Amino acid sequence: MSGEAKRKPPGGADSLRPEALLRHAEDLREPFAGRVHERVTQRAYAFAEETACACVSKGPERGNSERLFDRLLTSRITGIPVMVGHLGIVFWLTIVGANVPSAFLAGILMEEGGLTGWLAAYLGIESAPAFLSFSVYEGLLALFAWLHAPAWLTGFLVDGVYLGLAWVVSVMLPPMAIFFPLFTILEDLGYLPRVALNMDRFFRAAGAHGKQALTMAMGFGCNAAGVIACRIIESPRERLIALLTNNFVPCNGRWPTLIMVASLFVAASFPAGMTSLVTVATLVFVTAVGVAATLAVSFFLSRTLLKGVASSFTLEIPPFRRPQIGRVLYTSFIDRTLFVLRRAVVCAAPAGGLIWLLGAIPVGDGSAFSALRELLDPVGMAIGLDGVILIAFIFAIPANEIVVPTIIMGYMQGNRMMEMDDPSRLFLDNGWTLTTAVCLLLFSLLHYPCTTTTLTIWKETRSIKWTLLSNVIPLVAAVGACAAVAAVERIWG
Amino acid sequence: MAEAERSKSRGAVSLADLKPGTAAAVSHLRLDGLLYRRLLDLGIVEGTAIEAVYAGPSGDPVVYRVRGAHVALRKADASLVMVVPGVGDLDRPARAPADGPTRSMPKPRAETPPRAASDEDMLTVALAGNPNTGKSTVFNALTGMRQHVGNWPGKTVMRAEGRWEHVGRRFRLVDLPGTYSLLSTSVEEEIARDFVLFGNPDCTVIVADATCLERNLNLVAQILQITGRAVVCVNLIDEAERRGIGIDITALGSLLGVPAVGTAARTGRGLDALREAVFGVSTGAIATRPMILRYDEDLERAVDELVPGVEASLPGIPNARWIAMRLLDGGDHRLVEEVRNGILAEPSGRTGAASLPSAAPPAGREPGR
Chain P
1 MSGEAKRKPP GGADSLRPEA LLRHAEDLRE PFAGRVHERV TQRAYAFAEE TACACVSKGP
61 ERGNSERLFD RLLTSRITGI PVMVGHLGIV FWLTIVGANV PSAFLAGILM EEGGLTGWLA
121 AYLGIESAPA FLSFSVYEGL LALFAWLHAP AWLTGFLVDG VYLGLAWVVS VMLPPMAIFF
181 PLFTILEDLG YLPRVALNMD RFFRAAGAHG KQALTMAMGF GCNAAGVIAC RIIESPRERL
241 IALLTNNFVP CNGRWPTLIM VASLFVAASF PAGMTSLVTV ATLVFVTAVG VAATLAVSFF
301 LSRTLLKGVA SSFTLEIPPF RRPQIGRVLY TSFIDRTLFV LRRAVVCAAP AGGLIWLLGA
361 IPVGDGSAFS ALRELLDPVG MAIGLDGVIL IAFIFAIPAN EIVVPTIIMG YMQGNRMMEM
421 DDPSRLFLDN GWTLTTAVCL LLFSLLHYPC TTTTLTIWKE TRSIKWTLLS NVIPLVAAVG
481 ACAAVAAVER IWG
Chain F
1 MAEAERSKSR GAVSLADLKP GTAAAVSHLR LDGLLYRRLL DLGIVEGTAI EAVYAGPSGD
61 PVVYRVRGAH VALRKADASL VMVVPGVGDL DRPARAPADG PTRSMPKPRA ETPPRAASDE
121 DMLTVALAGN PNTGKSTVFN ALTGMRQHVG NWPGKTVMRA EGRWEHVGRR FRLVDLPGTY
181 SLLSTSVEEE IARDFVLFGN PDCTVIVADA TCLERNLNLV AQILQITGRA VVCVNLIDEA
241 ERRGIGIDIT ALGSLLGVPA VGTAARTGRG LDALREAVFG VSTGAIATRP MILRYDEDLE
301 RAVDELVPGV EASLPGIPNA RWIAMRLLDG GDHRLVEEVR NGILAEPSGR TGAASLPSAA
361 PPAGREPGR
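Protein chains in written order, with our numbering: chain P, 1 to 493; chain F, 1 to 369.
Don't take every hint at face value.
Residues of chain F placed beyond 10 Å of chain P at every Cβ, according to the derived structure [stated by the list, open to error]:
no., residue
1, Gly11
2, Gly59
3, Val84
4, Pro85
5, Pro153
6, Arg163
7, Arg172
8, Ser186
9, Arg289
The calculated label-pair distances, taken between Cβ atoms and stated as ranges, are [stated by the list, open to error]:
no., chain 1, residue 1, chain 2, residue 2, range
10, P, Ser65, F, Gly246, 34 to 42 Å
11, P, Gly34, F, Met122, 40 to 48 Å
12, P, Pro323, F, Gly150, 25 to 33 Å
13, P, Gly273, F, Asn151, 25 to 33 Å
14, F, Arg146, P, Leu189, 42 to 50 Å
15, F, Met122, P, Leu357, 50 to 58 Å
16, P, Leu189, F, His148, 48 to 56 Å
Hint data in this document are derived by calculation from the structure and do not stem from the laboratory.
Quick caveat: nothing in here was measured; it's all calculated off a predicted structure.
In this text, a Cβ means the ideal position worked out from N, Cα and C, and glycines have one as well.
Work out the full structure: start from the sequences and follow the hints.
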């Protein structure tokens, strides 16, 4: 390079040509031995020092309490436990806080007797006023009957579309409205960089970037947002790793499924007083499995398809900042809760209608739905699930939020009204065991990303290969994990 | 490396060996490439006081305090930074090394091209700043709900744009990616640099964190080398007060040669003054005299020698001195590539917005003559 640079001296008409200019620059650069950037920066910082000296009355230093906090959040002994504790508290508040409003919404929207059951259970009011003792669902049925609407229309619109919507709203809205603000507060406080600091050694060992933990944290809210957050990782190799594994962090669309299965099923096998504790423990464990899967797949990728060593990075640890509660509530409700809810509603309405239609179309002895269910049952059974659950996961490709509503509607085929006082009976009646619950948790945690996330991955990578892999890798992991659990169950019991 | 030998004799050890709670002065960096540039941009240069504060759960990475900011580095990376323990004094800004650059205060340049009447009545304002300075809060506070979010053309980097009105003038605010520098050539820095350099903003607002002003002043100084039509927004001023940090905003403004405004964007404090300053600078009502950094003689001589070539081969370039410095550095491969292909010669074509010839100081007032 330098040999060529010296060939032509600068000056004259030649200097008008860019090539000559660049050669001239190379010549002039030589005596500085690659330290121009350093000297320019040194000069800028010398100015910064002088200016700060003249204008800042006291050097910035973090207070003792702040240092203590930092130690608590990141030290050898307390760092990881405090992190897990935070996660547990957020889950606990979400579950406990969402119970009552969820039941309230379910009462208003779709239960027999409207709010009668809710008033009795939570307020001790035995005789509900008449205007509260029927639900919107019952109201709609009455309206359609009064209009003499044909049975198929009532079935499609009320039992299909409407019930799908009602389920999504009552199951999803309360936990999201609690989870998102709590998470945003932690984000505002400046906790996420500390999490990245805690997690760095694992990512380093997996050959991944230290900032991958930050992208995962965004994935808790929404995997599509997590995938976009991977932009903070500069190295293309490590960015792809983060992008391909973001799906292993359960996003908001999957929390309702995980919470419901954990509370109704796993916790049900423990004494009543321990329900929320067991639910929280299950969710923390599921999250840990997701993190472990992320690290394992990152490790695998960085030794096969995306070979390389972890690149260096610098991570700024900002001071703790007081969260702006008002803004947090506003933005997390408008930007996150309503956004995700809208998406769920948009997907749930057609899914609800479609399931009702499949149930109404006769095929052979039964309906199209039962035919599909029988077709998928063997596959489902092999991995500890069943045909209806698989149908639900197929229907939920556009939005994971509708898995549980679809499963319930699948099992409810033929029955009109659902028993809300004990939803787990519906699952028990359909042959669920603890294995089914565990496999459903694993499948929901690990399976392919939703359409939005897949599209985002395509937009970010512009590569069919990586977009495909971002779906295939999780699917293989999910099927593998569930098949393993099912096999263990078959051998042991 | 000759410097390595020199530092060994001065008792330098690797930064990774520094025990938490102890301070040192940076002697030199034994690395190159991107990390080298990043560390420089964070202010880890020769003579800088640095303290190991605490370590993560596994003892690695370690968090270091440098220029008022906390930065985590993996040990493998920190081991390439050589330091002299027990020298740095962190509670005052670090002393510059004896063999550092000349330290005369810069002479302000009497430049700042007054912008002729704009072709559209909308004035364009760029919003630059380090990450974690509350830049997006400033953005939201200035523009309210009138925002448009998308990507920078051809880049996977978010671009936000918003509007506001002040004294009958309409302003368009373009949020640039948060960066520590404009010199390390990450995609974000290229975008920010391109917009400040070629986008011809009527004003560039540089958001700086009041709790960590020294580190933020690096980017401020860099941007002032490119454009004088700037306003420095010292944000989080309430946070600084809570920590007992006082900032003489007036003195800061006069040292920088551009208006400085203290703000607490979260509470809305100082925003009116900020709008007023932006209005003044972008309409030309406030004349700025941005400080220009003078480098060591050898560097200055090399730049001076390169400037005529830059002006000749890239006529109408907005800031030949800055381009010359970047070409001398040579680390900005994309800039080199663009010079080679002559793309830089038509800055107006890059942004779509019509640029004014008078905005290019080296070309003279009447380029047509």
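For each hint, the structure was consulted:
1. Gly11: holds, 22 Å
2. Gly59: Given that some Cβ of chain P is not farther than 10 Å from that of F:Gly59, nearest at about 7 Å, it is violated.
3. Val84: Non-interface label stands for F:Val84: nearest chain P Cβ at 17 Å, farther than 10 Å.
4. Pro85: Non-interface label on F:Pro85 holds, nearest chain P Cβ at 20 Å vs cutoff 10 Å.
5. Pro153: holds, 14 Å
6. Arg163: holds, 20 Å
7. Arg172: holds, 23 Å
8. Ser186: violated, 6 Å
9. Arg289: Holds, because the least Cβ-Cβ distance between F:Arg289 and chain P comes to about 15 Å, which exceeds 10 Å.
10. P:Ser65 <-> F:Gly246: 34 to 42 Å: At roughly 21 Å between Cβ atoms, F:Gly246 and P:Ser65 fall outside 34 to 42 Å, so the hint is violated.
11. P:Gly34 <-> F:Met122: 40 to 48 Å: holds, 43 Å
12. P:Pro323 <-> F:Gly150: 25 to 33 Å: holds, 28 Å
13. P:Gly273 <-> F:Asn151: 25 to 33 Å: Violated - the Cβ-Cβ distance for P:Gly273 and F:Asn151, about 52 Å, lies outside 25 to 33 Å.
14. F:Arg146 <-> P:Leu189: 42 to 50 Å: Since the Cβ atoms of F:Arg146 and P:Leu189 sit about 29 Å apart, the hinted range of 42 to 50 Å is violated.
15. F:Met122 <-> P:Leu357: 50 to 58 Å: holds, 53 Å
16. P:Leu189 <-> F:His148: 48 to 56 Å: violated, 29 Å
Checked against the numbered hints given earlier, the structure breaks hints 2, 8, 10, 13, 14 and 16 and satisfies all the rest.
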